[in-house]
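**Q** So the chains spell out like this:
4 protein chains.
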Amino acid sequence: MSTQREVRVAVAGATGTVGQRFICLLSAHPYFRLVSLNASPRSAGKAYKDVVRWKQSVPIPKNVLDMVVKTCDVDQFGDAEIVFSGLDSDVAGDVEEGLRKAEYAVFSNAGNFRRDPMVPLCVPLVNPSHFAIVPHQKEALGLKKGYIITNANCSTTGLAVPLYALERAFGPLETVMVTTMQAISGAGYPGVPSLDILDNIVPYIGKEEEKIEWELTKILGGLADDQKSFDLHAKHPMKVSASCNRVPVVDGHLECASVRFARRPPPSPQQVKDALRNFYSEAQKLGCPSAPEQAIFVHDEPDRPQPRLDRLFQNGSGVSVGRVRECPVLDLKFVVLVNNVNLGAATSSIINAEYAVAKGYV
Amino acid sequence: MSTQREVRVAVAGATGTVGQRFICLLSAHPYFRLVSLNASPRSAGKAYKDVVRWKQSVPIPKNVLDMVVKTCDVDQFGDAEIVFSGLDSDVAGDVEEGLRKAEYAVFSNAGNFRRDPMVPLCVPLVNPSHFAIVPHQKEALGLKKGYIITNANCSTTGLAVPLYALERAFGPLETVMVTTMQAISGAGYPGVPSLDILDNIVPYIGKEEEKIEWELTKILGGLADDQKSFDLHAKHPMKVSASCNRVPVVDGHLECASVRFARRPPPSPQQVKDALRNFYSEAQKLGCPSAPEQAIFVHDEPDRPQPRLDRLFQNGSGVSVGRVRECPVLDLKFVVLVNNVNLGAATSSIINAEYAVAKGYV
Amino acid sequence: MSTQREVRVAVAGATGTVGQRFICLLSAHPYFRLVSLNASPRSAGKAYKDVVRWKQSVPIPKNVLDMVVKTCDVDQFGDAEIVFSGLDSDVAGDVEEGLRKAEYAVFSNAGNFRRDPMVPLCVPLVNPSHFAIVPHQKEALGLKKGYIITNANCSTTGLAVPLYALERAFGPLETVMVTTMQAISGAGYPGVPSLDILDNIVPYIGKEEEKIEWELTKILGGLADDQKSFDLHAKHPMKVSASCNRVPVVDGHLECASVRFARRPPPSPQQVKDALRNFYSEAQKLGCPSAPEQAIFVHDEPDRPQPRLDRLFQNGSGVSVGRVRECPVLDLKFVVLVNNVNLGAATSSIINAEYAVAKGYV
Amino acid sequence: MSTQREVRVAVAGATGTVGQRFICLLSAHPYFRLVSLNASPRSAGKAYKDVVRWKQSVPIPKNVLDMVVKTCDVDQFGDAEIVFSGLDSDVAGDVEEGLRKAEYAVFSNAGNFRRDPMVPLCVPLVNPSHFAIVPHQKEALGLKKGYIITNANCSTTGLAVPLYALERAFGPLETVMVTTMQAISGAGYPGVPSLDILDNIVPYIGKEEEKIEWELTKILGGLADDQKSFDLHAKHPMKVSASCNRVPVVDGHLECASVRFARRPPPSPQQVKDALRNFYSEAQKLGCPSAPEQAIFVHDEPDRPQPRLDRLFQNGSGVSVGRVRECPVLDLKFVVLVNNVNLGAATSSIINAEYAVAKGYV
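Protein chains in written order, with the UniProt record's numbering: chain W, 1 to 362; chain Z, 1 to 362; chain V, 1 to 362; chain B, 1 to 362.
Just so you know, not all the hints are guaranteed correct.
No copy is singled out in the list; a pair is fine if it fits within one copy or between any two copies.
[Claimed, not checked] Below, in silico cross-link-like pairs of lysine-lysine (DSS-like), each with a Cα-Cα straight-line distance of 25 Å or less:
| no. | residue 1 | residue 2 |
| --- | --- | --- |
| 1 | K235 | K145 |
| 2 | K239 | K359 |
| 3 | K273 | K62 |
| 4 | K273 | K207 |
| 5 | K359 | K228 |
| 6 | K273 | K49 |
| 7 | K49 | K359 |
| 8 | K55 | K273 |
| 9 | K145 | K49 |
| 10 | K285 | K62 |
Don't read these hints as lab results, they were simulated from the structure.
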């Protein structure tokens with residue numbers, strides 16, 4: 001990618017936890033150049049270092065310390081071409097819609113447009129092919145360059161990668177059951193009160209189960225032939241059941257999944273492991289610099305992946321899978337780990353944008 | 001039970017974590033009188049307080065402080081009628097077999113005899129009816145009073161109670177899927193190293209999944225008509241799939257379960273909640289003093305049960321259920337909490353023994 | 001105390017974490033009868049069970065479930081004689097002042113009046129003798145029955161008990177250094193965000209060090225001869241230095257203290273242990289039912305007290321001390337554990353009130 | 001350092017937790033080349049990846065995966081010039097003594113030789129000047145190249161750096177009081193059982209207080225004029241009192257310290273902060289590649305340093321200080337954070353060795 005021209009980018013919601021992670025990743029990016037930090041009016045006009053409650057384990061990047069934060073008004077994003085949005089969902093809808101109208105390419109981590117029938121819900125290692133709906137999105141809204149791409153919910157993202165690898169190797173899945181154990185960082189800051197989670201588990205995360213159950217159908221499904229709508233996996237209806245739990249882990253969502261394939265007989269555990277190991281995504285082929293070298297790492301040890309030991313593998317840009325074995329009820333069960341703050345959030349948006357650049361959408 | 005005569009009991013493995021819990025519960029028992037503490041030769045001959053590494057949140061009961069510990073040799077249990085065994089499985093087999101031959105009634109928390117075709121695997125709120133095989137067990141071994149009763153694995157126990165309540169109300173279950181999040185106390189002391197579990201989850205517990213998958217068929221199944229063997233739920237084959245995780249919680253196993261009933265249409269979530277709430281076990285009817293007032297507490301709040309808030313309900317002798325809802329794949333899903341050190345271990349053994357006393361088996 | 005008449009009490013701030021603890025303790029109290037639950041207007045008019053976010057490990061007491069919550073307006077406390085205040089400090093000042101004027105005896109856990117020159121700052125195992133200023137407080141304000149008693153900050157309370165026992169046995173202390181490790185429950189709910197404290201320590205608690213350093217002088221000091229003012233330990237100036245940390249522990253503040261006595265030579269570790277063990281407070285002598293049987297438990301084991309093992313000793317109404325040994329810099333060092341939600345908060349208020357009843361102040 | 005020749009090194013105790021950290025650091029080192037992994041006979045003859053229980057959050061370095069582990073017999077270290085020892089103290093004494101006799105330069109993290117009157121106890125940012133005793137050590141033992149250098153206990157190391165910076169700027173310290181809150185990784189693996197530390201603190205670490213109190217005098221003291229003995233800070237006797245606690249934190253020891261200077265008046269907090277910020281060690285001046293860019297980072301925020309946020313600063317090779325303020329008892333108090341597994345262990349040994357190379361001791 002050495003010949004890639006520099007692309008100017010902004011971060012909306014720059015002071016929040018997702019915004020902080022965007023800043024960490026973008027500060028070291030080979031061709032994205034951070035030109036604008038945007039946040040609430042409360043922070044605007046002040047140096048970034050004076051308004052942020054920095055919660056990352058690395059210091060604030062030096063080039064960002066004294067950048068003056070601006071508001072999220074649509075005229076405050078300067079000459080950025082791409083806006084990464086780490087906004088909270090209560091404000092993301094209006095801001096992102098305004099930015100799109102102002103002809104920005106918006107890559108959003110917020111949930112507001114995930115169910116929009118013209119907006120790709122894009123896990124970059126899975127379905128960047130959904131970018132093909134972007135021309136329709138722009139045309140329908142009378143725009144030249146403006147569009148919105150969302151990435152998926154963090155727990156959905158982790159599961160979507162191996163499920164897609166399995167469908168590509170063995171054909172459609174009929175049934176997916178998953179129980180998640182999700183890290184506290186997934187709830188933002190201040191997020192989960194410590195009295196709720198120390199020496200405890202909360203077996204409920206508002207709307208999370210519905211997100212997983214629905215988003216997977218959009219992500220794993222295809223586009224209609226006219227490339228103007230999503231088919232929601234309708235050719236091969238897929239039933240998904242999720243149970244979501246919050247656990248006392250800082251980073252890294254662990255998920256216990258069981259699946260049933262349409263094809264009989266189903267593949268063996270060894271065939272599944274081979275298929276996961278060999279999976280190579282379009283984003284990797286294109287050389288997206290934030291994509292992992294290996295999309296799916298498959299552990300042979302019986303007790304892996306584990307959040308603390310495996311969440312930083314490849315800077316959290318891939319997923320780890322382990323315990324691939326037969327399921328007495330469905331066909332196969334396995335364990336997935338995704339780094340919710342990296343691939344599960346900011347990293348996905350950035351790879352999506354890298355894909356857009358490589359494909360000429362920016 | 002005020003007229004119940006005193007029954008003399010011993011604890012084998014008295015210094016271990018399960019043994020400590022037995023001692024706490026027995027010291028306050030209305031009619032079991034603790035007459036013997038038995039442990040390894042290393043501890044024998046010394047005062048209990050000088051050899052135990054006490055890890056309970058209540059002090060050592062005063063009457064036990066200076067009791068002299070004896071070995072587990074079969075002649076060291078004095079005039080006890082019942083022996084509660086909290087022994088580790090590496091020694092439990094020989095000791096318990098010896099005690100049975102010496103005509104003791106042995107109530108064991110160890111796993112060694114759980115698959116024995118003549119030994120009841122007994123969750124006291126579920127299948128004390130399996131005691132009916134005890135005459136056969138004694139006869140086959142030529143014994144008058146000696147027999148072994150085991151209680152189930154802690155995570156199995158918690159799930160067995162609501163599953164049994166459902167089968168009693170709605171007929172046989174066809175399919176059970178469960179993902180467990182198990183507390184560290186389930187692994188004993190020293191058990192799980194802190195470096196393995198702080199800010200982490202281990203998605204594996206050796207042989208635990210196999211235990212759940214097999215033990216449920218024995219517990220929920222019945223006895224053959226001649227009361228000399230277990231039918232392992234064979235009349236209505238039941239498929240069980242378990243995924244087990246160790247989590248950073250001190251006490252209390254949380255389990256996310258999904259079930260499918262044989263009967264069509266299945267009961268509604270409201271019918272299931274009613275059935276669980278109305279469930280009343282044989283042990284409760286008999287007035288066993290350690291049985292809970294309510295066997296299954298059903299939460300209506302969306303985020304319960306939680307280990308830290310609910311594990312001490314009724315001194316941990318019942319189970320808590322919440323989030324009863326439809327499952328997009330099977331019929332219904334719900335969350336179960338069991339106190340693994342109480343109902344999941346020592347309390348079950350004690351209620352089993354109370355049942356045996358009430359029914360004349362002691 | 002069997003002949004003590006029933007005393008009607010109210011709880012202001014009944015839905016907060018301290019209020020919840022008051023309710024737990026008062027529901028089982030031998031002679032305090034809970035007649036009024038008062039909270040913010042938002043909760044008023046509704047059943048307690050419908051407005052509280054209950055965070056205790058025991059269920060809401062049955063007699064409280066359906067009590068209708070009232071506001072904290074001064075005419076809403078009915079015929080209560082005593083009001084226990086678990087109010088937040090931002091509202092406690094006005095409410096408590098109003099209640100005093102309305103002739104209620106107010107026992108407050110809030111900090112607002114702790115530095116008031118007419119209000120006792122009372123650790124019930126230490127300085128209930130300060131109640132002697134109450135007649136002056138009432139007289140100065142022209143009241144017949146109304147007055148305010150505060151208990152101390154939780155970390156101050158734990159340290160004050162052994163320090164007082166030492167001063168009573170060996171004369172004045174010259175120097176006290178203490179480093180605290182304080183539980184998250186001390187910060188209320190939602191309190192400390194989990195992202196701040198999981199796998200972490202925060203070496204700072206706002207104003208906590210100043211509280212310990214000042215409150216100890218008021219508590220350990222005496223009254224002026226005319227019983228109209230506090231002497232703040234002025235006869236023997238005492239220097240106190242505190243360093244406060246928040247740690248990932250649910251309940252129980254642990255404190256590492258070093259002290260220097262005025263008297264030379266100082267007492268030996270063994271003399272100190274004896275003095276702490278033999279300490280018997282006025283509240284115990286009077287038979288206050290919530291006072292501990294033993295005020296200070298002294299551990300001989302090298303690694304105690306520990307929060308999880310020792311915080312429930314005597315229902316958290318006493319303090320635990322361990323590791324009494326010589327200090328290479330000052331005279332002696334030791335470790336103190338106090339249950340911050342019991343003796344460190346609600347229990348202290350209740351024993352203070354019991355003392356007031358016993359002494360005829362109510 | 002680009003012209004530095006390659007230096008061949010071995011790791012003794014390669015499979016332990018300190019050994020694993022040595023391997024991580026050495027695999028990326030600019031001129032140390034890892035030529036030998038040595039461990040117990042149980043591991044010898046097998047590939048490293050097959051015998052290690054890897055507990056690091058980064059994968060095993062690729063070049064090490066298949067290295068064949070050898071025993072710690074003195075003839076098994078091949079042509080290494082330096083041996084880094086991460087051995088447990090029960091075997092370290094004999095092995096290290098043997099290696100020294102065999103003319104290896106031994107840099108040990110074990111405690112066995114820390115009190116040896118000829119062996120430097122060397123915190124690399126503090127007292128590499130103690131290397132001047134090495135010629136005496138070799139001569140006294142009749143050796144040409146063999147010698148032993150130890151680094152300090154992890155909690156001592158963190159405190160020694162700012163104390164040394166203060167003594168260099170303001171002259172001798174008279175008194176040091178410190179309370180430590182130490183991470184579980186300091187106890188190795190399996191180390192602290194999770195049942196002892198989850199939701200808990202253990203106010204005791206065996207021999208740790210004695211280590212801090214004594215080691216500081218050796219480290220902060222000088223050499224006698226003949227460079228044949230250590231003066232143990234004898235010219236200005238220094239009293240040190242330590243209280244040590246184990247806390248539920250994975251990595252990073254936090255320490256609350258108070259100090260008194262000999263000089264009157266003492267420096268102000270601002271002077272202290274300036275002195276700490278300006279401190280620049282000999283190892284940094286020499287360009288040791290593993291030395292931090294900044295030895296001491298001083299926080300102005302009131303609530304820092306914190307283990308989780310600050311332990312990875314500069315890869316854990318510096319220390320963080322915060323909350324510099326006046327102490328009501330001594331002169332000044334502050335908080336120190338040291339990464340116990342990096343600067344507190346392997347990193348110190350490696351910088352010590354880099355210093356030895358730069359100074360011609362290797």
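**Q** Honestly, which of those hints from before does the structure not fit?
**A** Violated hints (numbers, rising): 1, 2, 7, 9; every other hint is consistent with the structure.
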